[in-house]
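Using the sequences and the hints, build the whole thing.
2 protein chains.
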Amino acid sequence: MINYFSTNFKLGILGGGQLGKMMLYETRKYDIQTNVLEPNPEAPCKIACDYFETGDLMDFDTVVNFGRKVDVLTFEIEGVNIEALKQLAKEGIKTYPSAETLEKIQNKGIQKNFYKKHQIPTADFEVFATKKELTTALENDKVNFPFVWKSTTGGYDGKGVSVIKNKEALNDLPDAECIAETLVPFKNELAVIVARSASGEVKTYPVVEMEFHPTANQVEYVICPARIEDSVATKARKLAVKVSEAFEHVGLLAVEMFQTENDEILVNEVAPRPHNSGHYSIEASYTNQFEQHIRAILDLPLGTTESKVGGIMVNLVGDAAHEGDVVYENIEKIMKMTGVTPHIYGKKITRPFRKMGHVTIVNKDLAEARKIAEEVKNSIKVISKK
Amino acid sequence: MINYFSTNFKLGILGGGQLGKMMLYETRKYDIQTNVLEPNPEAPCKIACDYFETGDLMDFDTVVNFGRKVDVLTFEIEGVNIEALKQLAKEGIKTYPSAETLEKIQNKGIQKNFYKKHQIPTADFEVFATKKELTTALENDKVNFPFVWKSTTGGYDGKGVSVIKNKEALNDLPDAECIAETLVPFKNELAVIVARSASGEVKTYPVVEMEFHPTANQVEYVICPARIEDSVATKARKLAVKVSEAFEHVGLLAVEMFQTENDEILVNEVAPRPHNSGHYSIEASYTNQFEQHIRAILDLPLGTTESKVGGIMVNLVGDAAHEGDVVYENIEKIMKMTGVTPHIYGKKITRPFRKMGHVTIVNKDLAEARKIAEEVKNSIKVISKK
Numbered sequence: 311m312i313n314y315f316s317t318n319f320k321l322g323i324l325g326g327g328q329l330g331k332m333m334l335y336e337t338r339k340y341d342i343q344t345n346v347l348e349p350n351p352e353a354p355c356k357i358a359c360d361y362f363e364t365g366d367l368m369d370f371d372t373v374v375n376f377g378r379k380v381d382v383l384t385f386e387i388e389g390v391n392i393e394a395l396k397q398l399a400k401e402g403i404k405t406y407p408s409a410e411t412l413e414k415i416q417n418k419g420i421q422k423n424f425y426k427k428h429q430i431p432t433a434d435f436e437v438f439a440t441k442k443e444l445t446t447a448l449e450n451d452k453v454n455f456p457f458v459w460k461s462t463t464g465g466y467d468g469k470g471v472s473v474i475k476n477k478e479a480l481n482d483l484p485d486a487e488c489i490a491e492t493l494v495p496f497k498n499e500l501a502v503i504v505a506r507s508a509s510g511e512v513k514t515y516p517v518v519e520m521e522f523h524p525t526a527n528q529v530e531y532v533i534c535p536a537r538i539e540d541s542v543a544t545k546a547r548k549l550a551v552k553v554s555e556a557f558e559h560v561g562l563l564a565v566e567m568f569q570t571e572n573d574e575i576l577v578n579e580v581a582p583r584p585h586n587s588g589h590y591s592i593e594a595s596y597t598n599q600f601e602q603h604i605r606a607i608l609d610l611p612l613g614t615t616e617s618k619v620g621g622i623m624v625n626l627v628g629d630a631a632h633e634g635d636v637v638y639e640n641i642e643k644i645m646k647m648t649g650v651t652p653h654i655y656g657k658k659i660t661r662p663f664r665k666m667g668h669v670t671i672v673n674k675d676l677a678e679a680r681k682i683a684e685e686v687k688n689s690i691k692v693i694s695k696k
Numbered sequence: 311m312i313n314y315f316s317t318n319f320k321l322g323i324l325g326g327g328q329l330g331k332m333m334l335y336e337t338r339k340y341d342i343q344t345n346v347l348e349p350n351p352e353a354p355c356k357i358a359c360d361y362f363e364t365g366d367l368m369d370f371d372t373v374v375n376f377g378r379k380v381d382v383l384t385f386e387i388e389g390v391n392i393e394a395l396k397q398l399a400k401e402g403i404k405t406y407p408s409a410e411t412l413e414k415i416q417n418k419g420i421q422k423n424f425y426k427k428h429q430i431p432t433a434d435f436e437v438f439a440t441k442k443e444l445t446t447a448l449e450n451d452k453v454n455f456p457f458v459w460k461s462t463t464g465g466y467d468g469k470g471v472s473v474i475k476n477k478e479a480l481n482d483l484p485d486a487e488c489i490a491e492t493l494v495p496f497k498n499e500l501a502v503i504v505a506r507s508a509s510g511e512v513k514t515y516p517v518v519e520m521e522f523h524p525t526a527n528q529v530e531y532v533i534c535p536a537r538i539e540d541s542v543a544t545k546a547r548k549l550a551v552k553v554s555e556a557f558e559h560v561g562l563l564a565v566e567m568f569q570t571e572n573d574e575i576l577v578n579e580v581a582p583r584p585h586n587s588g589h590y591s592i593e594a595s596y597t598n599q600f601e602q603h604i605r606a607i608l609d610l611p612l613g614t615t616e617s618k619v620g621g622i623m624v625n626l627v628g629d630a631a632h633e634g635d636v637v638y639e640n641i642e643k644i645m646k647m648t649g650v651t652p653h654i655y656g657k658k659i660t661r662p663f664r665k666m667g668h669v670t671i672v673n674k675d676l677a678e679a680r681k682i683a684e685e686v687k688n689s690i691k692v693i694s695k696k
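So the protein lines, in turn, are chains A and B.
Taking this note's numbering, I'd label the letters of the first sequence as residues 311 to 696.
Taking this note's numbering, I'd label the letters of the second sequence as residues 311 to 696.
These aren't lab readings, by the way, just hints derived from the structure by calculation.
Among these hints, one or two may not hold up.
The list makes no distinction among identical chains, and a pair is therefore deemed to hold if it is satisfied within one copy or across any two copies.
As the list claims (entries may be wrong) - Lysine to any residue pairs mimicking SDA-like chemistry, simulated, CA-CA at most 25 Å apart: (1) K681 with P611; (2) K646 with G510; (3) K695 with N313; (4) K400 with R537; (5) K545 with N640; (6) K379 with V458; (7) K404 with A543.
Have a look at this one:
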């Protein structure tokens, strides 16, 4: 085993947002040196890493030159230059997840076709290279309203996904490569985080249940464990492992799934990194997702994935009516509540629906946690200074 | 309430060791800006704060100039210039704990006399200005062997404390102001961490039990909750609150105590800051001690102090036979064990008995945690590179 702790070993992280910031708590805990590449000089990772570089994650030369300074390279955002990762791998720099895995995930059309090829259950879909192709398919009844429209690239936090109910709604869509997906009626949206280490050790976290904001299409509550039957949970965890192994994925893979009316599990999409649906783990799990990601990519033994207590996560998103210097109204009120921990990502400017932080609510009694979570949600507001 | 989160508010921390480092995880979580003053340019806090300054904590001008740049000032080590804290308080900079509180604690002679004055039970003692005074008292039978010798200043981690059994042992003692304390036979060494906020809200953590290394006089296991009767635990927590209130302390106060053969509780000594006996809280408690310290000094509501699960802490101290570039032998072995989290402080050089890190073991079953803690202790070794 390589000695990572208080040595000159260097971990590189592409992306310096909140996921990277929370990863840095863990590299600090292990005293592992980190280099971060990120376009925004004021990003949450600007401190707590050993070396911060401002640069374009999609630029081949920038990524290759950055990667050459580290021993292992990972990313906290999918939008990175894949050719650069391939070049670095050729030069002997370990990149986890690999370029080959990321390539199958980065484009949602490729991702969906991958599920089809590997007999991984997923909603039916068609890929269209242009908006014109999509409208032609609609005219020829090859696609019918309502359907789920997804941009194949650049989707994030509810951007790039819409439910299209009629012809008029098509006007708002950009001319981009896209998927039209059958709208599947479902009971629950679930997620399972799989950790898979470089040498193939695999562990799954308990199934979490997600509730989305009705209009902003962002996760509102993540509830762990999901309030579903054990048999469904077992099926979901097994499917998540199958997905991870099919991708030959190393690191964390968040597998988002639908539980249909008939208790079928369909894979919706995956994220090859720590994920919003795993934030609860910082307070609730024996090993939080960020530590687990570090363990997995450095081929250290994986930690216990079970929970100490029930956990619920509430996203702190910018109020729809506010833009400007952020104020967390009533934060002292939620800090009085039992088992409540706010996480502030460090973005100075709030914007409508911008992800500014999250709050975790833990409790031995999950129903009690859910009640407190609602009080949290009704109390705190992310607004701007008057 | 002042708005601390993602604003220009600045918290100053005197001292940049491991306690400060763990405090910085929490300031990062809340996105509170921090300035750190520390003599060692390679200290654990050198990254993750917003501004790091190298300087002498005992130098009046250095501390005053540093303090003028912040809004609230705290410390993670007691050895700081008290006159500088007083000057800063005069200038309107909030310093928590206050200079007046620290003054009563920094010198162990003054601390012990404070207990006497406030009817806080503590072992009998005499203060001596010089070694000569002590030997004279021994010759005149005013002090008898065996007794506990304590330097009134500069004691830390077992340094500055000895049990003196006979005349020969006196030879090893320095000529310094000291205390001679009655050696009290005790069942347990206990500790209670009290959090007291600027506006007077008080909470105590559960009582922990400490086991010391037989020769190095450093804590070996900290066990939470202590395996003692509820009535004793209640008495210890009440006494800890009394101590905190007597000191008019703001922030965290770790109160170390003896449980005597008759279940009396005697205060041994206090530390006005996060403490080794509270490290278990990072994994085991609803609110860890570092977050709690930040909450207390910023007059935010205090968090829940109870535990999610049983917690045991093992210190990682340098092996007696090793000095040089550190290697954590068998760290991958302990990382395989259930609920085990290593914390590496980030000191590159190990020395005999140097505090290099700690390991937390959490489990719903405390007896199981204790078993795993022993496996941890028997597995990991802090050695130097060959």
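- Message: Which constraints among the numbered hints does this structure fail? Numbers only, ascending.
- Response: 4, 5, 6 and 7
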